[in-house]
Amino acid sequence: MDEGGRSGYRFPDILTLFAAAAAHTERIRLGTAIEPMYSRHPLVMAQQALAVDDLASGRLGIGTSNRMVIEDWHGLKFSSPLPYLQEYIEVLRRALWKESATYHGTFFQVAFPLSRSAQIPLLTSALGKKALQLAGEIADGVLSWTCPAPICFRRRFPHYTPELEPVSFRHPH
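For the record, in the sequence shown the residue sitting at position 38 is 38 according to the UniProt record's numbering, with numbers rising by one throughout.
What the hints contain is simulated information worked out from the structure, not anything from laboratory work.
None of these values were measured; they are calculated from a predicted model.
Mixed in with the good hints, there may be bad ones.
Now the in silico label distances, taken between C-beta atoms and shown as ranges [claimed, not checked]: (1) 17 - 75: 36 to 42 Å; (2) 58 - 102: 37 to 43 Å; (3) 80 - 44: 18 to 24 Å; (4) 16 - 115: 15 to 21 Å; (5) 128 - 58: 29 to 35 Å; (6) 106 - 24: 40 to 46 Å; (7) 27 - 102: 16 to 22 Å; (8) 71 - 116: 32 to 38 Å; (9) 51 - 110: 14 to 20 Å; (10) 57 - 77: 33 to 39 Å; (11) 29 - 80: 14 to 20 Å.
For every residue, glycine included, the Cβ atom is placed at its ideal position computed from N, Cα and C.
Assemble the whole structure, with the sequences as input and the hints as a guide.
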């Protein structure tokens with residue numbers, strides 16, 4: 001923990017604030033929790049994340065969003081959420097982990113090289129069975145803002161099983 005005894009903070013436009021925090025701290029871990037994916041293109045997210053990672057040295061994690069944030073807060077249509085999420089994470093992972101975001105899908109048509117890569121963990125919000133299953137296949141972790149405590153999470157999502165967890169969360173490295 002850095003000065004103040006806190007291990008994390010939450011703010012609007014979190015990546016901009018993370019850049020400032022990372023520049024003035026050495027140990028605090030930075031995670032976006034739920035970052036709106038419909039209002040921020042995955043290449044923009046990747047570029048911003050790489051800029052923060054330059055300052056944060058591996059302390060950044062990114063989480064993608066859910067219906068309430070997209071529709072209620074941003075006023076955007078939340079259509080085809082699971083296929084969109086799958087493509088978003090794929091483009092973002094290619095951009096961050098492989099320095100190349102060449103992708104031709106239903107929602108994204110991109111060909112954009114980046115200057116470097118960073119294996120920034122990608123998490124997603126998931127509430128339903130299909131979303132949890134998809135998260136287990138494509139993400140590095142799952143966020144549930146409705147029930148953060150493990151016992152609450154298990155009660156709220158009885159269909160959740162450890163098999164739905166990404167391998168990296170079952171066996172941390």
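Do the hints match the structure? See the list:
Residue 17 and residue 75 have their C-beta atoms about 23 Å apart, which leaves the hinted 36 to 42 Å range violated. Distance hint check: the CB atoms of residue 58 and residue 102 are about 25 Å apart, inconsistent with the given range 37 to 43 Å. Taken as a hint, the range 18 to 24 Å holds for the pair residue 80 and residue 44, whose Cβ atoms sit roughly 20 Å apart. One distance hint, 15 to 21 Å for the beta-carbon pair residue 16 and residue 115, holds here, with the actual separation near 20 Å.
Roughly 32 Å separates the CB atoms of residue 128 and residue 58, a value that falls within the hinted 29 to 35 Å. Evaluation of the 40 to 46 Å hint for residue 106 and residue 24 yields a pass: the beta carbon distance comes to about 41 Å. A C-beta distance of roughly 36 Å is found between residue 27 and residue 102, which places it outside the suggested range of 16 to 22 Å. The hinted window of 32 to 38 Å between residue 71 and residue 116 holds, with their beta carbons roughly 35 Å apart.
At roughly 19 Å, the beta carbons of residue 51 and residue 110 sit within the given window of 14 to 20 Å. Judged by the Cβ atoms, the range 33 to 39 Å given for residue 57 and residue 77 holds: they are separated by roughly 38 Å. Distance hint check for residue 29 and residue 80: the Cβ-Cβ separation is about 32 Å, which falls outside the suggested range of 14 to 20 Å.
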